[in-house]
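Start from the sequences and build out the full structure, keeping to the hints where you can.
Chains as they are written, first to last, in the UniProt record's numbering: chain A, 1 to 795; chain B, 1 to 795.
No lab work stands behind these hints, which were simulated from the structure alone.
Note that the Cβ used here is the ideal one computed from N, Cα and C, for glycine as well.
Fair warning: there could be bad hints in the mix.
[As the list claims (entries may be wrong)] Simulated DEER-style distance windows between Cβ atoms:
1. D224(B) x E786(A): 52 to 62 angstroms
2. S317(A) x E515(B): 50 to 60 angstroms
3. D116(B) x V397(A): 37 to 47 angstroms
4. N789(B) x S317(A): 43 to 53 angstroms
[Claimed, not checked] Partial list, derived from the structure: chain B residues whose beta carbon lies under 10 angstroms from chain A:
5. G220
6. L227
7. W332
8. S431
9. Y452
10. K509
11. H541
12. K554
13. L577
14. R578
15. D581
16. N618
17. G754
18. K756
The residues making up each chain are set out below.
There are 2 protein chains.
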Amino acid sequence: MEKHISTAAALTEAELGLIDRYWRAANYLSVGQIYLLANPLLREPLKPEHIKPRLLGHWGTTPGLNFIYAHLNRLIRGRDLDVIYICGPGHGGPGMVANTYLEGSYSEIYPDISEDAEGMRKLFRQFSFPGGIPSHAAPETPGSIHEGGELGYALVHAYGAAFDNPDLIVACVIGDGEAETGPLAASWHSNKFLNPARDGAVLPILHLNGYKIANPTILGRAADDDLRRLFEGYGYEPFFVDGHEPRDMHQQMAATMDRIFDRIRDIQHQARNGKAADGCPRWPMIVLRSPKGWTGPKEVDGKKVEGFWRAHQVPVSNCREDDGHRKILEDWMRGYDPEDLFDTGGRLKPELRALAPAGKRRMGANPHANGGLLRRELAVPDLRDYAVDIGRRGSVVAQSTQVLGHYLRDTMKLNAEAANFRIFGPDETESNRLGSVFEVTDRVWMEDIEPYDIHLSRDGRVVEVLSEHLCQGWLEGYLLTGRHGLFSCYEAFIHIIDSMFNQHAKWLKVTGELEWRKPISSLNYLLTSHVWRQDHNGFSHQDPGFIDLVANKKADIVRIYLPPDANTLLWVGDHCLRTYDRINVIVAGKQPEPQWLSMDEAVKHCEAGIGIWHWASNEEEAVAPDLVMACAGDVPTMETLAAVDLLRKAIPALKIRTVNVVDLLALQSRDQHPHGLTDEAFDAIFTSDKPVIFAYHGYPYLIHRLTYKRTNHENIHVRGFIEEGTTTTPFDMTVLNELDRYHLAIEAIERVPGLKEKAADALAAFHDKLAEHHAYVREYGEDMPEVRNWTWPTA
Amino acid sequence: MEKHISTAAALTEAELGLIDRYWRAANYLSVGQIYLLANPLLREPLKPEHIKPRLLGHWGTTPGLNFIYAHLNRLIRGRDLDVIYICGPGHGGPGMVANTYLEGSYSEIYPDISEDAEGMRKLFRQFSFPGGIPSHAAPETPGSIHEGGELGYALVHAYGAAFDNPDLIVACVIGDGEAETGPLAASWHSNKFLNPARDGAVLPILHLNGYKIANPTILGRAADDDLRRLFEGYGYEPFFVDGHEPRDMHQQMAATMDRIFDRIRDIQHQARNGKAADGCPRWPMIVLRSPKGWTGPKEVDGKKVEGFWRAHQVPVSNCREDDGHRKILEDWMRGYDPEDLFDTGGRLKPELRALAPAGKRRMGANPHANGGLLRRELAVPDLRDYAVDIGRRGSVVAQSTQVLGHYLRDTMKLNAEAANFRIFGPDETESNRLGSVFEVTDRVWMEDIEPYDIHLSRDGRVVEVLSEHLCQGWLEGYLLTGRHGLFSCYEAFIHIIDSMFNQHAKWLKVTGELEWRKPISSLNYLLTSHVWRQDHNGFSHQDPGFIDLVANKKADIVRIYLPPDANTLLWVGDHCLRTYDRINVIVAGKQPEPQWLSMDEAVKHCEAGIGIWHWASNEEEAVAPDLVMACAGDVPTMETLAAVDLLRKAIPALKIRTVNVVDLLALQSRDQHPHGLTDEAFDAIFTSDKPVIFAYHGYPYLIHRLTYKRTNHENIHVRGFIEEGTTTTPFDMTVLNELDRYHLAIEAIERVPGLKEKAADALAAFHDKLAEHHAYVREYGEDMPEVRNWTWPTA
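Put into C-alpha cells, the structure is as follows:
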C-alpha cells in the first residue's frame, strides 16, 4: 500500500504561497516570544535591550506544530469542520499562542494583547516572563485541554474528548519523545473503544522530528517500513509526510490531509448508515517527519542545530551579550519577512487572516476546549430510593459498592439520551460490585464479539481496559470537554496514575484562577478492593497511600471520603457526581459488611462530615467521656465498634464516645481546608484532654499531619496500615497491622489514666484473644467464629 | 513469512508422553494448592473437610505457565542453558510453586515442604493460607524476581536482568491482560537497548488466553495478522503457537522453542564474532494462544468456564458445601492421573524428575534470580578526590550534580571490567549535569547511529529512554540480578513510577525477612531539576511530593537525603552506592549555587545527618538561642542563610541558631526510624521551647508528620512548597511559596516573643523588599541584583 500521497495538485500556487506565509507568521511570532522584549516588528536593528535577559522556551518542536495548525485551518475552513488541537509537545506553547493570536481568539480572551504592534510587543514580553504566561500549552492557552508538561497523555486525552462527540475531530500531535512513554504506547489501542457511529474522530499525527533533549528518538530512527507495520498492527492506516523543503511539504501535507479527512468522513458515513463492516475501522493517522527546529538556524558556533537536538530549547542563546548570536537571531527572524506578513500597524495582513476559520471554528475558540461552556448538569435519581433498610443496627449485611451500583445504573439511564456520562475502570466494574449498571448498558468493545460474551457491545458506556493510565486519561479528556464520569479502581493500583492526578490537580488549580475557563465536572474516584480486603491477592495489592498524595494538593480542589457503609456511600457518591472543578476520592469496600446508619442518619452524618455516634457511645450528657474511640473507613469503623462493644462489656463504668469521620479533610483546620472544622467544633468532638484512639483506613501519619494544630493532638493515638500484609483472612490483616478490635481495646485501656490497673483482667483477656486468634487462623484458615459472627449488640 | 513451525518430528512419542505427564503433574499440584487441606494424593474420595474453607487463587493463567515451564526445562536440559523465568501473570503463583517443587528447588529452600505425601499436604495447605505463602510469584517463591501483582513490568524487568549477563536467557511470560498496560506496551522497545554482543537474551512469550477478569483482551481478540505486524513493527520476529489439544500443542511448542533457541544462538554468535549486520537484530518471540483455565472444568452449573473469563480465579467454588461441585473438582484432579505421576510415597516418579534440569540450572535455583548471591561490591573512588574547594564560605559557585558527575565517571571506569554498574535516565543525564560520565562511556543505542550523533554507541553504559517506567523497571531488573545502578530523573516526574517504587519497597520488605534471599544493591534515585529550579518549564514540572510517598514505607528500607551543596552530595552519593536492600532518594539541584561546607565538614555533617551550622549561628555558648532557623534542601538552605544574614544585620542582638538537615528521616523518633535522633539529641538541636522557622524543600506537612512527637513541635513553623508555581525566576518561585529570605525573616521576627515591636523597622523593610521584588521582576524579567548577587558575608 502506497502511503505517500500524490501531491501534484493539492494546492494552487496562490494557495501554497498563502499557507506558507501564514506558517511563517506563526513561526515569526513563536521566535519573538522566546527572545524579544521590544522591537517586535524589527522596525529597527536588534539591540541588546530588545532581548530578554533570560531566554526560556522550546523552539525545536514549534515550527512543526505551526505547520500542522496552518493545514488544519485550511481543512476546517474548506469543510466547515469542528476540530480541536491537542498539542502533545505542550512545551511548544509559543506555537499555540502564536496561532491563537493570528486567528484572533487570543485577543478576544486577553484584550490587552491586542492585534497590533503594541499587542505583539506584550505578547512577546509576557511569554515565560514573571507575571506573564507559562511556556507550555497551559490552561492559560486558548484552545488547550492538554498542557503536555508531563509527557504521555496526549492521545488518551484526545480519545476521551472524542467519545460521545460525533461531530468533533480531535487532531492530536504526538511528539516522538512522548511516543516512547508507556501511557502513549498503550493509548494507540484506544481505537478499539471508539465507535464511529456515535463518537467523533481522532486524527493522530505522530511528529517525528527525530530528537529528544539530547538523544535521537526510537521512532524517529525507525525505518518507515517498521513504523508502517507497527501502526498497522495497532489497527491504523498510516500516511507519511516527510521532508524539509517547505513547498513540497505543504503540498504533501495538504494532499494527505484531504485524503485523510475523506477517509474519516467515509468511515463515519458508513458506520452511521449501517453500512460498516463489523469490527474496528482502520482509522487514518499521519507520520510527519520534519526537522527539529525547522527553519531555524542551521548552525551556531559551528555546531549543527536545525535537524538536531541542539534545536530543542533556545537554539542561539547568547543574543543579549554576543553580537554574532544576535545577528543570527535577527537574520533568522527577518528570514520570515515580517513586512510581508503584518501590516504597518502590526496586524496580520487580511489575505492571511482570511485563512483562519471564523468564530467557534477557530481552534482557539472551539467550545469543546473549554468544556464548561458545553457542560450540562448530570441528571441523578433520588438517592433515598436506593437506601438500605438497616433494621437492627449492624445486623444487616450489605455490599456498599453494590448498592451504589444501583444508583449508578439509574444515573446511567437518566443521562442516556444526553450521552454525557461514562464509567471507566481497569476491568473491574463487575469485580467492584457495580455490575448492575450492566442492566442498562454494556462495556464498549469494537473488536469481534463472540456469542458467549457478556455485556459487550459497540454502544456500551462502561469503558474497561487493563490500564489505569488509559482509564484516567480518557476520563480527563471526557471531563475537560464538558461531560461527567467515574473511575472505579482497585485502591492499591490507583498509584499508577499518581502523576496524572497531580497534573490534573494542577490544571484545575490554574483554571480556577481564569474567569474565562468555565467549571468542569469533578474527577471522581471510587477506590474499592481496598487494602483491608485483598483476599485473593496479598501484599502487592495492599496500599492505601493515594490519599496522602491527594492531601498534598490545594484544599479547594481535593476531597477525600471514607463512607463506613452503604447509605453513607450513596450520599457521598451522589454528592461527588454533582460537584465541579474538584477531585473527589471515595474509598469504600466491596465486601459484605454490617450497615450502621439509616438514610436519614447518613445524610446528616455526611453533611457534617464527622460526628459523634451517640448510639455507640455511653457518655453522660454534659460530662466529658473518659475516652474517644474515633474511626475513618469501613473496616476501621467495624473494628472500632467491636472494640467499643468489648470495652463496654468488660468495663461498664468506662464512658466512651464513638466518633466517625466520613469527610477526612474535616479534620484539618478551617484555615487549611474549606471543609475543616473550627477549633471549637473539633474540641467539642475530640475533647481537649481525653485520650483518642483513632482507627484509620490508611497510613496513620496522615491523621497526625491533619490534626497537629489541634488542642488535643498529643492525645490522639492513631492506628492504621503500617505496611504489613500478605494473603490472609480479613481479620488477620487488621491484626497484622494492630488495627483490630483487641489492639484498639488494649490501647484504650492503656491510655485512660489509671485504667490499666483497674482493668487488668480485661487487658489480659484481650491479649489472650489475640493469641487465640493467631492459633485459630493458622489451624483453620478462617477467622474465629466470634470474630466472623460478631454483631453490634441490641440496645 | 510462515511462523507456524512445522511440527512433524519435534518430539518422539516417548518424549511427548513424558513432557505431557510432567505438565499434568504441575497442573495437579496447582489445583491442589488452590483447593486442598488434606488428602493430597486423592487416596480416598474427596470429603468436605479436605477442602479449604476459603478458596483463594487464580487458576486461569496457571496451566499455560506450567506448559511453558515444562518446555523451558526441556531446552535447558537439552542445551545446558542458563535461563530464568519471569512470570508476568504473577498471580499464577501456584504454577511457579508447583514447578519449583517438582524440580526439587522448593524443598531445598523450605525443607519442611518435603518431596513426599506429607510435604505435598503442607504444600497445598500453606498456599494463600494464614501463616503460609502468598498467592503470587512473590519473594517467597524460588526463582522469582518478579511478583507481578501490579501488572506492567514483566518485560522491562526481563531486559534489566539480561543487561550485562551475556550467557543468560530471560524467558518472560506476558499475559494478555498485562499487555494492555502502558509500561508493558513501551517495554517492547527495550530491544533497541539490548546489545547481543555483551547482553543476554530476552525471550518474550506473549500468552494470549483471551480474557482478563471479566472481559476479553485487546490482543487476544486481535487477528494474527495484526499481531504479526505489531510485533514486527516493534522489531521482533513473532512465532505463533496456537491451540488446545495437548499433543499438538506440545509438538508445536517444542518445535518452536527449538527454532527460537537456534535463532538466539545465531544472533549472539554473529554479534560476538563481529559478523552481525549493523543495527537492531530481530529477536524472536512467541505468541502463545491457549485456553484460559486449560484442562480445567469446561462448564460449571451450565456456564462456560474453560476458555472463558470464568476460569480466572477459582473455577468451581462451592466444593466444601456442594457435592456436585466437589465431584467436578475430584474428576478434574483425577483427570491428571496422580498415580501415573507420583509414587506411593508421594514423590514425583523418577522418569519425570529426570526431565527437570539439575542444580543451578533449575529455574527455581538459578542464582540470577537471587541476585545477592552474585553481587560483587561496587568499586568506588575516594570521594575526597572530587571535593570542591569552597574557599571563603558561600563565595564559590558550583553545580552540585556536575561535581557528582565526576565521581560517577570514575565509578563507571573502576567497574568497567566487572560490567555491573549502569546509569538510567529519561534523556536527562546531560541535562542533569552528569555529562562527564560521557568521558568514559556512551549512551547505549542499537538503532542506526549517524556521524553527527554524540556519545551514542552499542556499548554505552548510560541507558536513556523517555520513559520513567522503563528506566525504573530496567534498573530494578538489573539490581535484582545482583548489579548496581542509579536512576537520575526530574523530580516532578518521578511520580510516574510511584507505584513501581511501592512494589519494589514491598519486595525489599519481604526479602529482608527471608534468610535465603541475599542482599541486593540499593535502588538509588538522584532527583534533580527540582521544584525550585524549573526555569524553562513551570507548574507542570514543579512537584516535590515523591518524598512523602517514600516516607510512608518501612523505615528500614527507605532513606531520604537533601544535600545542600556539592560536597554533601558527594558524600551522600558515595554512601548510597555502597548500601544494600534500601531505596535511597537524593534530591539535589543542578543549577549553579553557593557552596557551604568543606569536604571535612561535609563528611561530619552527613554522618550526623543533621547539625548546627555554628559558622552561621551567633548564639552564645551555654545559653539557648532566641530562635532556630532550620533548613533542608539546597534552595531552602540558601534562603535560610540569606534570612539569617538579613536578621543578623538588622537585629544584631538576636541570637540565632542555624540548623541544616541532610538526612531527612533523622527528624523522626529513633523508635520510628533507625536514623532518627533520640529525643535528647533532637531537643539539644531544636531546643525545647524556642521558635523554629523551618525552610523545607517539599510539602511542609511532612516535617510536621516527622516531628509531631517532639517536645518542641508546637514551635516548629514550616515553610515549603505550597503548590504555587509557574515559569518565573528562581527567587520569584520561593516568593510565590513564601519560602524566600524575606518571608523567613519576617516570620522569625513575628515568632520571637516581643521582637515584633522592637524590630518594627526591620519588619517594614522586609515587607518593602518583597514589594520591590514584585515590581522589579515583572519589569526586568530577572531577580533584583541584591538577590542574585547575595553572598554569605565574610566573617
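Here's how the hints hold up against the structure:
Taking 52 to 62 angstroms as the suggested C-beta distance range, the pair D224(B) and E786(A) conforms, at roughly 57 angstroms. For S317(A) paired with E515(B), a C-beta distance near 57 angstroms keeps the hint of 50 to 60 angstroms intact. Evaluation of the 37 to 47 angstroms hint for D116(B) and V397(A) yields a pass: the beta carbon distance comes to about 43 angstroms. Restraint check, N789(B) to S317(A): a C-beta distance of roughly 22 angstroms breaks the suggested window 43 to 53 angstroms.
For G220(B), the suggested interface contact is upheld, since its CB lies about 9 angstroms from the closest CB of chain A, less than 10 angstroms. Annotation: L227(B) was flagged as interfacial toward chain A, and the flag holds, the nearest CB pair being 7 angstroms apart, inside 10 angstroms. Checking W332(B) against chain A: minimum C-beta separation of about 20 angstroms lies over 10 angstroms; hint violated. The beta carbon of S431(B) comes within 5 angstroms of a beta carbon in chain A, closer than 10 angstroms, and the hint placing it at the interface holds.
Satisfaction of the interface hint for Y452(B) is found here, the shortest Cβ-Cβ separation to chain A being roughly 6 angstroms, below the 10 angstroms cut-off. This hint holds: K509(B) has a C-beta 7 angstroms from the nearest C-beta of chain A, less than the 10 angstroms allowed. Among the interface hints, the one on H541(B) holds; its C-beta lies about 6 angstroms from the nearest C-beta in chain A, closer than the 10 angstroms criterion. Annotation: interface hint on K554(B) holds; nearest CB of chain A at approximately 5 angstroms, less than 10 angstroms.
Checking L577(B) against chain A: minimum C-beta separation of about 24 angstroms lies over 10 angstroms; hint violated. With a cut of 10 angstroms, the hint placing R578(B) at the interface with chain A is violated, because the nearest CB-to-CB distance is about 25 angstroms. Among the interface hints, the one on D581(B) is violated; its C-beta lies about 15 angstroms from the nearest C-beta in chain A, farther than the 10 angstroms criterion. Because the closest C-beta pair between N618(B) and chain A is about 30 angstroms apart, greater than 10 angstroms, the hint is violated.
Interface hint at G754(B): violated, since its Cβ lies 23 angstroms from the closest Cβ of chain A, which is beyond the 10 angstroms cut-off. Below 10 angstroms, beta-carbon pairs count as interface contacts, and K756(B) has none with chain A, the closest being about 20 angstroms; its hint is therefore violated.
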